[in-house]
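Novice: Guided by the hints, dock chain C onto chain D, whose structure is given.
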Amino acid sequence: VTAFELDERREALRGTAADLAGELRAHALALDLDPDDMKPYLDIEAFELVRRCCAPPRFTDGPLRIGRFEYPPGSCLDQVVYNIEFAYGDAGVMLACPWPGLAGILVDRLGDAAQQERFHRAAAGNAAWTFFAVTEPDRGSDASAMDSALHRESADLYRLRGTKRYIGNGARGSVGVVLARTGTGPLSVRAALVEAPAPGLHTTSLDTVGLRGAALAEMHADGVAVPADMLLGRHLSPTRQGLWGAVRVFNVMRAQVAALAVGTGLALLDLVRAERPGAPGAEQFADRLEACRGLVYAAAAAVDRDGDLGHPSNAAKLAAAPLSREVARWAVRSLGPAALAGQPLLEKWSRDVCAFEFMEGTSDIQRRHVAKSYLRGGFPSYGRDAPAAPPAGGGRLP
Amino acid sequence: MTAGSGLLREIGREHGLAAGLAAVLDGLDPAAYAPQGLAALPAAAVPEGQSVLPNALAAREGISLVRRPPGAQGAGPGGGLPPIRCAALAAVRIGLLDRMLALATARLAARRFGGVPLIEQQLVVGAVADVVAEIEAAAAAPYRQDTPAEATAARHERLTEAGWTVTRFFGAEGYIADHPVRCLYVSALVADVWVPRAAGREDGR
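So the sequence lines, in the order shown, correspond to chains D and C. Just so we're on the same page, my numbering is the position in the first sequence counted from 1, plus 523. Just so we're on the same page, my numbering is the position in the second sequence counted from 1, plus 6.
Bound-form chain D, shown alone:
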């Protein structure tokens, strides 16, 4: 097993993202204090890069170009490459970015041409946010157990009822996707395109411990009208209309959360290095974070190869999220008494890293998936295929 290496094209992307990360850092504390006022941050250059890497080119100034390289939208690996750098600037500011978001990924996969046009037109520009509403108050992220329902009122109209919670940009999003049931079976979960505000749609901002740029909200739908042509996947087979697409989005999302964790961990590491050069433990954490960076890259590349492949990003998130918190605690211990009170970024990032545990499935959920996948042979490079005896010639290390 060798470390994952980026090619020249992605190294260029990484370098550009690293150059832009400082602007995110400069706004980190102010945005954390007041995440509702986004006006001062709309022209952040990093946000434009994100939009050009994610939205269809006809809704932006075209795909991102760096030198001789072009970055067509839709690559999970491109996204983790810049997300690690941007999270090194600040993950909270990064998550405040106006972009098509996770809903955009699902619309691009499940939507027909008209739905994609409608969604991306509403999500275009530097002041439009989207929501991807899956999680429910009593169900967590167990999408298969959701209660929200789409009741068919007529041949061309559904009514959406239910409550979604912990939805990023839920209160400021102008368009998004809501997952709900049209029946009771596993194939009855459908994704509906919803525009906001809408009669019957009530949103409430949730004040969070950290990562406040994500602007979580609760969304309550009380008979929201959903035209039948706003259900995604109508042109696909029943098995590909709902949960299948959502699971593929989750596979991407987990890699992105892991990227945010690695970037924040690296930021904490360098904060300690700057304040206390030679702090014991720094080299160990630098090594672990770099290993984790490689794991996240590899997970994203795996998702790009096969969107149904979930276990690499399960493992990446399981490794990265706890590590970022471990680095935060080490940083606190390394920087002397009252460091949390005296170093505002340390205090902020110490709150932020806790969020990674709860995003896109807790560590216990990841453990279940990783173990199950391992037992099915999902991690062949981790030793189960290794020859029982050393190869001919001794196999000695130099």
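Please note: incorrect hints may appear among the correct ones.
To be verified - With a straight-line cut-off of 20 Å between C-alpha atoms, the simulated SDA-like cross-links for lysine to any residue are: (1) D:Lys-895 to C:Gln-127; (2) D:Lys-895 to D:Leu-832; (3) D:Lys-562 to D:Pro-580; (4) D:Lys-895 to D:Phe-773; (5) D:Lys-562 to D:Pro-586; (6) D:Lys-562 to D:Ser-697; (7) D:Lys-562 to D:Ser-667; (8) D:Lys-562 to D:Gly-648; (9) D:Lys-895 to C:Gln-151; (10) D:Lys-562 to D:Ala-535; (11) D:Lys-895 to C:Gly-120; (12) D:Lys-895 to C:Leu-107; (13) D:Lys-895 to C:Gln-128; (14) D:Lys-562 to D:Ala-694; (15) D:Lys-895 to D:Ser-667; (16) D:Lys-895 to D:His-834; (17) D:Lys-895 to C:Val-130; (18) D:Lys-895 to C:Gly-121; (19) D:Lys-895 to D:Asp-831; (20) D:Lys-895 to C:Val-122.
Please keep in mind that the hints were generated in silico from the structure rather than gathered at the bench.
Specialist: Leaving out everything else, chain C in the frame of chain D:
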């Protein structure tokens, strides 16, 4: 002199962090001990006009982070609280853990995954048991004047870790700022301010 550890644990459990911290600091001049001139104080004890650092989470918990706290002129920068006061703070934090663990286990019993109550899931059972053992061990730690700084700091770090395990039991719900488990986030912040590091001891503090 502070109250006994049993009483402090009860104050933490029944009345919360701000009341517990008031008991820990009772009769003490915070300015003389505040590291880097920074103190975590019960908000109710902070005089008007004091320089309070912005921290919304701490404020919700009734705690203020104060720069140059009121007290003896010219005192400090201090090296944190003496060992017996740190032990008192640990007792308060154990009380907070008692309360949050009870809340968490009630929640875990009421929720299901795959048809099985969360409280019966093997990973959860193990984590609950570990926290209980950690709490019991912390409560059994000697309550002495001469506990070395390294041991005191390690005790508090273990309480912070136990607190994180309990916090995780609440899932995303516990990441909302008005959830009661925020007391565990803020108690780690308070400990960071008041508990001396082992390095501080090496510096002669």
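Novice: Look at each hint and say if it fits the structure.
Specialist: Here is how each hint holds up against the structure:
no.: 1; hint: D:Lys-895 to C:Gln-127; result: holds, 15 Å
no.: 2; hint: D:Lys-895 to D:Leu-832; result: holds, 13 Å
no.: 3; hint: D:Lys-562 to D:Pro-580; result: violated, 25 Å
no.: 4; hint: D:Lys-895 to D:Phe-773; result: holds, 17 Å
no.: 5; hint: D:Lys-562 to D:Pro-586; result: violated, 25 Å
no.: 6; hint: D:Lys-562 to D:Ser-697; result: holds, 16 Å
no.: 7; hint: D:Lys-562 to D:Ser-667; result: violated, 38 Å
no.: 8; hint: D:Lys-562 to D:Gly-648; result: holds, 13 Å
no.: 9; hint: D:Lys-895 to C:Gln-151; result: violated, 51 Å
no.: 10; hint: D:Lys-562 to D:Ala-535; result: violated, 30 Å
no.: 11; hint: D:Lys-895 to C:Gly-120; result: holds, 15 Å
no.: 12; hint: D:Lys-895 to C:Leu-107; result: violated, 29 Å
no.: 13; hint: D:Lys-895 to C:Gln-128; result: holds, 15 Å
no.: 14; hint: D:Lys-562 to D:Ala-694; result: holds, 16 Å
no.: 15; hint: D:Lys-895 to D:Ser-667; result: holds, 18 Å
no.: 16; hint: D:Lys-895 to D:His-834; result: holds, 9 Å
no.: 17; hint: D:Lys-895 to C:Val-130; result: holds, 18 Å
no.: 18; hint: D:Lys-895 to C:Gly-121; result: holds, 18 Å
no.: 19; hint: D:Lys-895 to D:Asp-831; result: holds, 16 Å
no.: 20; hint: D:Lys-895 to C:Val-122; result: holds, 18 Å
Violated hints, listed in ascending order, are 3, 5, 7, 9, 10, 12; each of the other numbered hints is respected by the structure.
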